[in-house]
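A.B. asks: Starting from the given sequences, assemble the full structure and let the hints guide the process.
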Amino acid sequence: MEKSKVRVRFAPSPTGALHIGGVRTALYNYLFARQHGGELIFRIEDTDSARFVPGAEEYIIESFRWLGIQFDEGVSFGGSHGPYRQSERRHIYRQYVDQLLKEDKAYIAFDTPQELEAKRSEVPNFQYDASTRFQMRNSLTMAPDEVERLIAQGEQYVVRFKIEAGEQVCVHDMIRGEVVVNTSVLDDKVLFKSADQLPTYHLANIVDDHLMEVTHVIRGEEWLPSAPLHVLLYRALGWEDTMPQFAHLPLLLKPDGKGKLSKRDGDRLGFPVFPLEWHDPKTGDVSRGYREDGYLPEAVINFLALLGWNPGTEQEILSLGELVELFDITKCSRAGAKFDYVKGQWFNHEYILRKPDAELTPAFQQILQQNGIHVPDERAQAVVGMMKGRVNFVHELWPLCKFFFVAPEVYDEKTVKKRWKEYSAQQMAELMEVVRTIDDFSIESQEQEVHRWIEAHEYKMGDIMNAWRLTLVGEGKGPGMFDITAFLGKDETLSRMERAIKVLG
RNA sequence: GGCGCUUUCGUCUAGCGGCUAGGACACAUGCCUCUCACGCAUGGAACACGGGUUCGAUUCCCGUAGGCGCUACCA
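Per numbering that gives the first Met the number 0, residue 0 is the first one in the first sequence, and the count goes up by one each step.
Everything labelled a hint here was simulated from the structure, so no lab data went into it. Keep in mind that a hint or two might mislead.
Below, simulated DSS-like cross-link-like pairs (lysine-lysine); rule was C-alpha separation at most 27 Å, straight line [claimed, not checked]: (1) K257 - K387; (2) K459 - K413; (3) K387 - K413; (4) K342 - K330; (5) K253 - K337; (6) K253 - K342.
C.D. replies: Laid out in structure tokens, this is it:
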């Protein structure tokens, strides 16, 4: 049997920023497409004109650009199956709506939202389905000429999918196996609204996936309950033989408490839920983004990939290329995963460790400049090299590294108490003389000279080093002493020591 | 309420009938050391419960309970 080329799609609604769960769905689609030599489509599902948010589409595209997830066709990427924006495909959907109507697989309903709401409040668990549709105002209960008259009058209507009761529908899911649902629990879903002349998600989705020759639908678990409906639609349209395979991914849950991950959780717990910073045009709210928070895109990808899937080995640091090779959609977890953002921070730490210092330097330079520090790249890079191992984010370097660029003004009280002995001033004064005589100010040479002096006077290494550190840093932290002095240079070292002796006595 | 999905350390997970139930994050301790980190080592920590099937169940089946989702003229 000839296998058709794998084609998958990521199809968000432009209703706001891209949620991190959506990013993971897109990532899994990307991995699946790449490992099968297939194609990834970017489609915009904007069939709900009321919820459209300007800028959302651009935001989503920019997010994937930053993350390094590349699409092969779709909105802004071109391709031969366009247009890729559903609002531009009205004319296409209309013909399939008419086809279903003509074949008696769908019907026209005039019930207003108010009427439906009234019905729902008066009848408990009301459902518009095979058992109730004959009590409603639709083309099944009204005379054909009456229907035509109402339409001609401009009465608003919807087209509903006619689902007959009592049939078992089987959905094969690549992750969950067979899922069987009885059509009796399904309602006659609205497929099309006359008000905006647009289909609803369900119809648009099936028509587009068919026309765009999508072979695998990989989406969030929230779609699982409507998957049987989708199967029925493929059948009704006569496309069952080319129906795509389904895979429903587990959801991302709140790190604490209950329910699915929301934007509020990020605000509350202090982590981003959006890839990029998002400025809501309606509320004016600004939400933080992974990019702006200092995450490396590779770290975000790696973290997300392992939330719901793993290679079955003990390797956790995986490049995009390795993920493409190892990913297996059938090995995804089935239960929702609490969003462990602390582990996300650890991934960033690991990627900072592995990243060449030179590539981290621009970000650090930016932080330095925000703090009024202007130094050549070599200086900034030297500090990055010394200190990057101790942070999760580049911006965390500043408080740890400030002393490299700004002499301490105050000396940490606790450290002074512990490290500045009554004889420290005297020793530091002597050390200044030693430092003055060192011509080669390299780490090795200084170390040699200072150690020789310490040994000659039988001083305690700890006494000297800790007091010295206090004079240069202002507290008892930081990298090796000679790394610090070599960076500061002889003049700055001496001047800091002199001031400390004066202040601390 | 109805329907569906789901259930291994605090968290993410490995396991696909017989294991001292493995790894990672987080936490604790120790080592390293001129300090603080990093790093390294060690430790505590889990099969939701009840029935079956089987010589044997974390693993297969059925219940129960918990969790999650859907239940719109939203996606």
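A.B. asks: Hint check: K253 vs K342, CA-CA at most 27 Å. Holds or violated?
C.D. replies: Roughly 14 Å separates the two Cα atoms, so the pair holds.
A.B. asks: Can you confirm whether the C-alpha distance between K387 and K413 stays at or below 27 Å?
C.D. replies: Given pair K387, K413 holds - Cα atoms ~26 Å apart, limit 27 Å.
A.B. asks: Checking one constraint from the list: CA of K459 to CA of K413, max 27 Å. Satisfied?
C.D. replies: Holds, at about 20 Å.
A.B. asks: Straight-line Cα separation of K257 and K387 no greater than 27 Å?
C.D. replies: violated (36 Å)
A.B. asks: Hey, K342 versus K330, does the alpha-carbon distance stay inside 27 Å?
C.D. replies: Judged against 27 Å, a Cα distance of about 21 Å means the pair holds.
A.B. asks: Does K253 pair with K337 here, judged by a C-alpha cut-off of 27 Å?
C.D. replies: Answer holds: K253 to K337 is near 5 Å, not above 27 Å.
Consistency note: the structure conflicts with earlier hint 1 alone.
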